[in-house]
Amino acid sequence: MDISKVSNEQKLKLCRTYFLAGWAFLPFVWTINVFWFFNDAFRVPPFPEQAKIKRFVILSLIGAVIWAAILSTWVIIFQTKRAEWGAMADYMSFIIPIGKA
Amino acid sequence: MYLGLISLLILLAISLNIAIAVESRRVHDKIYTSISGASCFRRLNGTHQTGCSSSQYGSTGALHLIQVVEDFEFLLRNPPAPPYAPMIPPHLFTRENIMRLKEQGTSSISAVLLIGGKEKVTQFSHELTCPNRYSGLLLSESNETATCDTRNPENAWNPWGSGLLHEDFPFPILYISDEDEVNKLKSCFEKFNNYDYEGHNTRSLCSVELQQFMVGAVSSEVCIRRTNFLNNLGSTKYCDPLEGSNVYATLYPRNIQPNAVNGQANETNITDEKEKFILITCRMDTASMFDNIALGAMDSLTGYVTLMSIASTLKQYLPSNSSNLTKKTNILFVIFNGESYDYIGSQRFVFDMENFDFPSASTQRAPITFENIELMIDIGVLDEISTINVHTLNKTDKAEEFVRVLNSQSQNFNINYQLNVGNNIPPTSAQSFLRKMKTFPAIILNSKPQNKYYHSIYDNAANLNFTYYNHTEQNYTKLISTEEALQLFPAESVQMKIRNASTSVALALTQILFNQGPKVKGYASPLLIDELLHCFLEAADCRLFKDISPVNSLPGPPFPPMRYISVLMSPQDASGWTYRLMGFLLSDEVDTPEEKCAPLPLQWIAGPKGVGECRHTTNNYTYALSPAFLIDNYDWKSGEYSTWTESTWTKLSARMFLRPSRVHEIVTLSIGIVVLIISFCLMYIISSRSEVLFEGATSSSDALSAPTAC
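Line order of the protein sequences matches chains A and B.
Per my numbering, residue 1 is the first one in the first sequence, and the count goes up by one each step.
Per my numbering, residue 1 is the first one in the second sequence, and the count goes up by one each step.
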């Protein structure tokens with residue numbers, strides 16, 4: 001969808017929908033929100049709805065960054081400690097590596 | 001005319017293509033030469049993994065021939081083009097050298113090849129000096145073995161053992177016995193590697209790639225847990241327990257007990273306390289470091305053949321009806337499988353006996369327990385037969401009497417039996433019984449260790465000095481006198497030595513059970529021993545195996561049966577032949593025609609006369625699978641039962657090719673990247689000047705009209 005052809009109210013509605021959707025454990029929706037509405041929030045000359053769009057974009061950005069931090073921490077911990085955890089790590093894994101611990 | 005020319009050209013192109021296509025398929029064969037050999041693979045126990053494995057997609061190493069110990073220095077002191085794959089002759093394949101490769105060669109050694117050629121080898125055993133030291137009788141409150149001195153190898157049961165079978169190697173090891181393959185490798189090494197060692201990192205080197213990736217890892221506990229773990233993405237089998245069958249047979253058929261409840265193993269099965277047995281046992285398996293090569297001639301086959309000879313001789317010495325015996329005792333022969341791996345067969349047998357599960361209820365015979373066994377005679381290793389030690393844990397009258405009778409009966413056989421009381425018990429199946437009950441009446445016949453190739457690939461017919469005499473006209477189970485025997489075999493041959501040992505034991509048992517000598521004349525037949533040794537050491541398509549099999553069954557393969565216990569899915573031919581041998585040697589011939597000679601225990605076999613005969617057999621199998629795999633939540637670290645498993649693998653292969661040097665690879669990659677960049681630049685330049693270069697072309701975006709709506 002090309003938002004350059006869409007009216008400002010619809011832009012606001014879209015941005016808000018995406019922001020609310022991201023609360024359902026969907027951080028990638030927030031990331032898309034940020035990239036999609038970045039121009040409209042910060043680079044385009046001011047229009048009435050821009051303040052709200054800016055708020056949604058910033059909140060989505062914060063949410064996406066927090067999620068990224070949590071996920072990368074978990075991935076790093078699991079990848080480094082999986083071999084030490086033994087049986088518990090096996091029960092957590094879908095694919096257990098072959099030929100090594 | 002043009003049509004003709006064009007069709008001719010097309011024909012020419014097609015034929016050229018076909019010619020080149022045939023040539024091009026052989027280019028792959030020109031690059032890679034496959035190498036066949038026996039691989040070392042991974043086995044795991046409750047706490048450790050042992051053996052070798054390659055990396056997942058193959059381990060590659062440049063060949064380097066080792067001829068003296070100093071050649072190892074080149075590999076371990078910063079070699080110019082790692083990784084390398086040393087080719088080691090057997091006399092340098094020692095614990096010291098291989099452990100050095102493991103510890104110091106982590107980055108420079110990726111594979112090891114053991115090149116056949118036994119000329120300079122004086123000893124080659126990779127079993128521990130104290131085999132099965134963590135199972136069997138242990139010192140109280142510790143897991144040290146009570147029966148073997150681990151600190152003093154000279155007094156141990158395997159003095160020449162290096163223990164490499166129980167080490168874990170990060171690289172694959174391949175044993176190449178075929179001389180042609182070895183020459184292929186050596187000539188490739190001479191042609192490409194064996195000069196200008198400083199320049200190794202700038203030229204192509206002759207290398208091998210070994211694919212021996214082992215799926216199981218860490219320990220049996222982990223790999224069995226992962227195998228049993230069900231998840232949606234399908235299951236992978238990481239390892240299989242070592243599993244096989246024990247074979248047992250009785251001299252006299254036992255009574256049928258129809259009220260034995262099928263499948264129930266508890267007190268409702270009544271054992272008959274008055275039924276007494278003498279248990280005679282040995283082991284049927286052996287072990288080695290490399291896949292499919294394990295003959296075990298001296299370490300287990302001599303004991304096995306001795307037991308077979310005793311069985312055949314006793315069948316003829318003792319009366320066919322047990323009511324004529326002075327002591328109403330049956331003789332139970334059991335041949336255990338898996339004894340090299342912490343007594344798999346005997347531990348399971350003892351476990352079954354404790355649970356009233358031997359024989360199983362489906363055989364409709366009363367269970368046998370420890371109380372039914374009067375004496376256990378366990379035949380260990382008989383490396384030399386002039387002095388046989390009779391080991392027993394406690395000094396008992398029964399043991400002393402047996403030794404006395406043995407010595408009195410072996411006057412003509414040049415064997416001296418010596419009673420040996422105490423903890424100095426060899427690593428044989430009796431340890432599983434003594435572990436449960438120290439007063440169990442077990443005696444073990446074992447001689448002083450002389451085998452420098454215990455549990456190795458070189459424990460073969462040459463180690464026994466065995467030659468097959470192949471006396472074809474004779475009836476090989478008939479008892480013959482010493483004079484006749486000496487006409488067929490020299491007195492120092494291994495056939496005569498085993499015959500001496502088995503006859504003396506058979507005479508002693510006859511004396512004990514019958515209170516007099518045997519009524520028939522003659523001694524154990526060395527012809528049977530000759531046939532047995534030939535079948536198990538040289539080829540399974542032998543006369544004896546054909547005679548004991550059902551009529552018109554397929555002949556055995558032209559190589560000896562594999563006697564390593566392996567896993568459930570392997571052919572298990574050693575236990576199959578043992579079953580048939582016990583069936584033949586201990587059965588009575590009955591006069592029943594072929595149609596009525598069924599079901600078991602009646603069996604119709606080809607027989608030595610070749611016309612087929614019906615026999616009433618007394619043999620059967622029992623499972624040889626460690627109880628550790630049957631008990632829920634077994635504590636894998638407890639060491640109570642054998643926990644050995646074998647890792648699974650997808651393929652085992654090896655090939656030889658020329659590996660380009662690192663410089664060559666970098667140059668190729670750089671050229672590729674440069675070409676890529678140049679092509680991008682060229683495309684950009686061309687496309688930005690496309691109006692100038694291509695006349696009449698309009699800009700491509702003009703072709704499309706602007707979109708009117710999304």
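I should point out that these hints are in silico values taken from the structure, not numbers from a laboratory.
Beta carbons are placed, not taken as given, at the ideal position from N, Cα and C, and that holds for glycine.
There's no promise every hint is true.
Listing some non-contacts, in silico: residues in chain B with all C-beta distances to chain A over 10 Å [stated by the list, open to error]:
no.	residue
1	M214
2	A217
3	E384
4	S410
5	G612
With a straight-line Cα cutoff of 25 Å, these simulated DSS-like cross-link-like pairs (lysine-lysine) come out [claimed, not checked]:
no.	chain 1	residue 1	chain 2	residue 2
6	B	K328	B	K521
7	A	K100	B	K237
8	A	K100	B	K102
9	A	K100	B	K637
10	B	K436	B	K276
11	B	K237	A	K81
12	B	K398	B	K274
13	B	K609	B	K546
14	B	K327	B	K395
15	B	K30	B	K184
16	B	K637	B	K651
17	A	K100	B	K651
18	B	K637	B	K315
19	A	K52	A	K13
20	A	K81	A	K5
21	B	K637	A	K81
22	B	K546	B	K315
23	B	K521	B	K184
So these bits of chain B aren't anywhere near chain A, every CB distance computed over 12 Å [stated by the list, open to error]:
no.	residue
24	S142
25	N143
26	K395
27	Y634
Hint-by-hint comparison with the structure:
1. The claim that B/M214 lies off the interface is violated: its Cβ sits roughly 6 Å from the closest Cβ of chain A, which falls inside the 10 Å cut-off.
2. Residue placement check: B/A217 does not keep its beta carbon more than 10 Å from all beta carbons of chain A (closest about 5 Å).
3. For B/E384, the non-interface assignment is confirmed: its Cβ lies about 44 Å from the closest Cβ of chain A, beyond the 10 Å cut-off.
4. Every C-beta of chain A lies more than 10 Å from that of B/S410, the closest at about 54 Å, which supports listing it as non-interface.
5. With a least beta-carbon separation of about 51 Å from chain A, B/G612 lies farther than 10 Å from that chain, consistent with its non-interface assignment.
6. Straight-line distance between C-alpha atoms of B/K328 and B/K521 comes to about 23 Å, which keeps the hinted pair within the 25 Å bound.
7. A distance of roughly 14 Å separates the Cα atoms of A/K100 and B/K237; the hinted pair therefore holds under the 25 Å criterion.
8. Restraint check for A/K100 and B/K102: the C-alpha separation of about 17 Å stays at or below 25 Å, so the hint holds.
9. A threshold of 25 Å between alpha carbons decides the hint, and for A/K100 with B/K637 the separation of about 20 Å falls inside it, so the pair holds.
10. A distance of roughly 20 Å separates the Cα atoms of B/K436 and B/K276; the hinted pair therefore holds under the 25 Å criterion.
11. Our distance criterion of 25 Å between C-alpha atoms is met by B/K237 and A/K81, whose separation comes to about 24 Å.
12. Among the hinted pairs, B/K398 with B/K274 is consistent with the structure: their alpha-carbon atoms are about 19 Å apart, no more than 25 Å.
13. For the proposed pair B/K609 and B/K546, the alpha carbon gap of about 11 Å is at most 25 Å, so the pair holds.
14. For the given pair, B/K327 sits about 23 Å from B/K395 by alpha-carbon distance, which is consistent with the 25 Å threshold.
15. For a cut-off of 25 Å, the pair hint linking B/K30 to B/K184 stands: about 14 Å separates their Cα positions.
16. For the given pair, B/K637 sits about 31 Å from B/K651 by alpha-carbon distance, which is inconsistent with the 25 Å threshold.
17. At roughly 17 Å between alpha-carbon atoms, A/K100 and B/K651 fall within 25 Å of each other, so this suggested pair holds.
18. Pair hint B/K637 plus B/K315 does not hold up; C-alpha atoms about 45 Å apart against a cutoff of 25 Å.
19. Between A/K52 and A/K13, the direct Cα distance comes to roughly 10 Å. Compliance with the 25 Å bound is thereby established for this hinted pair.
20. For the hint pairing A/K81 with A/K5, the CA-to-CA distance comes to about 51 Å; that exceeds 25 Å, so the pair is violated.
21. Annotation: proposed proximity of B/K637 to A/K81 holds, straight-line Cα distance about 23 Å (limit 25 Å).
22. Taken as a hint, the B/K546 and B/K315 pair is honoured in the structure, with Cα atoms around 21 Å apart against an allowance of 25 Å.
23. The suggested pairing of B/K521 with B/K184 is violated, with an alpha-carbon distance near 58 Å, which exceeds 25 Å.
24. Consistency note on B/S142: stated as away from chain A, and its beta-carbon is indeed over 12 Å from all of that chain's, at 26 Å minimum.
25. Distance to chain A confirms B/N143 as a non-interface residue, since its nearest Cβ pair spans about 22 Å, more than 12 Å.
26. Every C-beta of chain A lies more than 12 Å from that of B/K395, the closest at about 48 Å, which supports listing it as non-interface.
27. The claim that B/Y634 lies off the interface holds: its Cβ sits roughly 14 Å from the closest Cβ of chain A, which is beyond the 12 Å cut-off.
In the structure shown, a violation is registered for the earlier hints numbered 1, 2, 16, 18, 20, 23, in ascending order.
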